[in-house]
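J.: Each protein sequence line maps, in turn, to chains A and B. Counting from 1, one number per residue, gives the positions in the first sequence under our numbering. Counting from 1, one number per residue, gives the positions in the second sequence under our numbering.
Everything labelled a hint here was simulated from the structure, so no lab data went into it. A few of these clues could be false.
Rough simulated footprint, nothing fancy, chain B against chain A, three-plus residues with beta-carbon under 8 angstroms [what the hints assert, rightly or not]: (1) 7-13; (2) 26-35; (3) 203-209; (4) 227-241; (5) 309-321.
Positions of the beta carbon are idealized from the N, C-alpha and C atoms, including for glycine.
Protein chains: 2
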Amino acid sequence: MKVYMDNNATTMVAPEVVEAMVPFFSEVYGNPNSLHKFGTATRPALSHAIDQVYKAINASDNDDIVFTSCATESNNWVLKSVWVDKILNGDKNHIVTTEVEHPSVLSTCKFLEEQGVKVTYLPVNSEGIVEPHTVKSFITDKTALVSVMWANNETGMIFPIKEIGEICKSKGVLFHTDGVQAVGKIPVDVQDVHVDFMSMSAHKFHGPKGIGALYIKDSQALTPLLTGGEHMGGRRSGTLNVPYIVGMGKAAEMATENIEEKMKAIRAKRDRLEDALLTLSDTFTVGQREHRTPNTILISIRGVEGEGMLWDLNRFGIGASTGSACASEHLEANTVMLAIGADHELAHTGIRISLSRYTTDEEVDYVINHFKEAVARLRAISSSYAKVKPTPGGEAGECHIPEHLT
Amino acid sequence: MKVYMDNNATTMVAPEVVEAMVPFFSEVYGNPNSLHKFGTATRPALSHAIDQVYKAINASDNDDIVFTSCATESNNWVLKSVWVDKILNGDKNHIVTTEVEHPSVLSTCKFLEEQGVKVTYLPVNSEGIVEPHTVKSFITDKTALVSVMWANNETGMIFPIKEIGEICKSKGVLFHTDGVQAVGKIPVDVQDVHVDFMSMSAHKFHGPKGIGALYIKDSQALTPLLTGGEHMGGRRSGTLNVPYIVGMGKAAEMATENIEEKMKAIRAKRDRLEDALLTLSDTFTVGQREHRTPNTILISIRGVEGEGMLWDLNRFGIGASTGSACASEHLEANTVMLAIGADHELAHTGIRISLSRYTTDEEVDYVINHFKEAVARLRAISSSYAKVKPTPGGEAGECHIPEHLT
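All chains, full assembly: derive it from the sequences and hints.
T.: In structure tokens form, the structure reads like this:
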């Protein structure tokens, strides 16, 4: 049996999405910028896809949604163009972000620091989220941008974006959110929440890899990252990736229609899985589940290295993760657990399990069984676990990181 | 009948390419950076695709080929990162390019000028190419980069890249070439020609839109444009677009294997079409055909506005162009014809016809017939053509722009 439980890394493209895309490879293949029928034939499908993405996040007619090649591009675009517009060619010099952003934000901030930009990396609380008052206390009159993710990729924890947005608005500071782990998983309404820019990625909600978007409130100015032809109103050059735009539209529609029902179904499976895993002694999950995206569990199993666990699960066809796939080539400690305050040994025990709307009850049962067996196998050979006397009755629970474990 | 003659704008994705890509949407859909089987299952196909692209341009093992989302990204990457590396953080301040580059190079140069970079736009000769001695004469000790296209998108004219590469090498200046219109159309051998960086685009050779690459000689340093996770050795972040990388590899292989034979077949059709069109009076094509990519014709028909001609052909199902699709939303004069020295009226008479290996003899015949009829129709209502006494015997020919017409 093969069970995919790594949907925060990427997802299977929905068959309906593939079906929608395929005609645009070899049948309707014109360049949308061309004036002849081969080009214009692509336009109704593009318009429809754009409408689908607008609807998925409740954007208004005044807003822009610009397709990019991925959320990494969207994140780079916002950070680097704010640097050009407000710092190189303005009087600001400061960007505020968090310690637990995706590598595409953190690495870009490191690059900007090398160019002389001052960056504040906000700490998170024991739940792994940044608190609004923390954001407020670090904004200065030199701050050009605040960039805080909507939901965390490793824990699924949902950040208080509405409150942070209000703070940025009242301070007159631009606000960007990496919405990659939120869109398609929880309701996202950009008219209810104040965000100037929001990054999205299709492959996190059963669209293809290699297409993303940037939401731009009120079509406000932002220097393009990719300059060139007048594609997308001159905001992002490069021949339009027609099949993937069509696919992203379809995937966004499928993921967000009746989202409350979908969330309920996924949450039920997630909670059942989580409850079963927490019956194991000396385990805990990071962040209260009501505050997480409904598909995500980050579980720590004392005495079991995440990588060993991952390999054992992999033997049985289960795909899980120790954290961001974008950093997984180096077997590093889970960065969110470190940010919360775990020591390196503990931060190496994190296993992320992320479900999708395609996850079945049978798959959940399979994971529960194999997970328990794997933990038993690995603890039996764990030198670190043997040294620690297991707490009677275990430490299972859903909580912030217990002090005696850090 | 529908006849697509705009293959320099984009191409139909080859059915074999679609077939190669499709399994990577919903079957082998893991993130290549993931450590489990779902992720590692993608890797053999990725390796194979990379090998195919290496082979297509005869890159060596010391080189890097980094996949990007399009050639616009590749071009932006080189220009903007050379700006960061050699100008913002170095002692250079000058970039050399040409007047006839693709908008993704020209617009990026305009952006760099706004940031204080000095840019020289080299003129072209009457054939529409930049001459090596011109490049040489503008390089100074402040020049960070020379960027000259391998083949022009509008005329198909092939530039003396080997000679320009040698000049840059001897001067110690980085050399970038936009190889978009060369790769897959003519032999491209990066071990025979000295180029530090070369941009490529899959959708110009029957691969999908939304994937390109940058060739980097000897894996030399170049600050990433997209910073983030450690994808592609940290050179270009963003989850790998597995289906399109596989598709680009397959398309590159198909386009470049036995390329001499393919060129011969396309050239025969192109030449037959060109000869037939040049029997019309007062027409000429830009650039000697032996020095062009074998699929391209840029023809000027005196007294006939390109846009009118395009619409007339479009009525009969023929897709052609007045120039770069990337600039076609604005009905501008053909920029290459302007650069050669045509006045605006003449530069509005250019029609670009670009064939592919899928073009049939039947399609060529169809275009010849309708083209001639369209010219007759449009000349009959042309006020500008009526004013000019047609030259006896016509001015048909393949030549630089005649002085009396400019």
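J.: Next, verify each hint and record whether it holds.
T.: Hint-by-hint comparison with the structure:
Proximity of the stretch 7-13 of chain A to chain B, defined as three or more residues with a beta carbon under 8 angstroms from a beta carbon of that chain, is established by the 5 residues found. Here the stretch 26-35 of chain A counts 7 residues with a CB under 8 angstroms from a CB of chain B, which clears the bar of 3, and the coverage holds. Given as covered by chain B, the stretch 203-209 of chain A passes the check, having 3 residues with a CB less than 8 angstroms from a CB of that chain where 3 are the minimum. For the stretch 227-241 of chain A, the proposed coverage by chain B is satisfied: 10 residues have a C-beta within less than 8 angstroms of a C-beta in that chain, meeting the threshold of three.
Judged by the Cβ-Cβ criterion of 8 angstroms, the stretch 309-321 of chain A is covered by chain B as claimed, because 9 of its residues qualify and three suffice.
In summary, the structure agrees with every hint in the numbered list given earlier.
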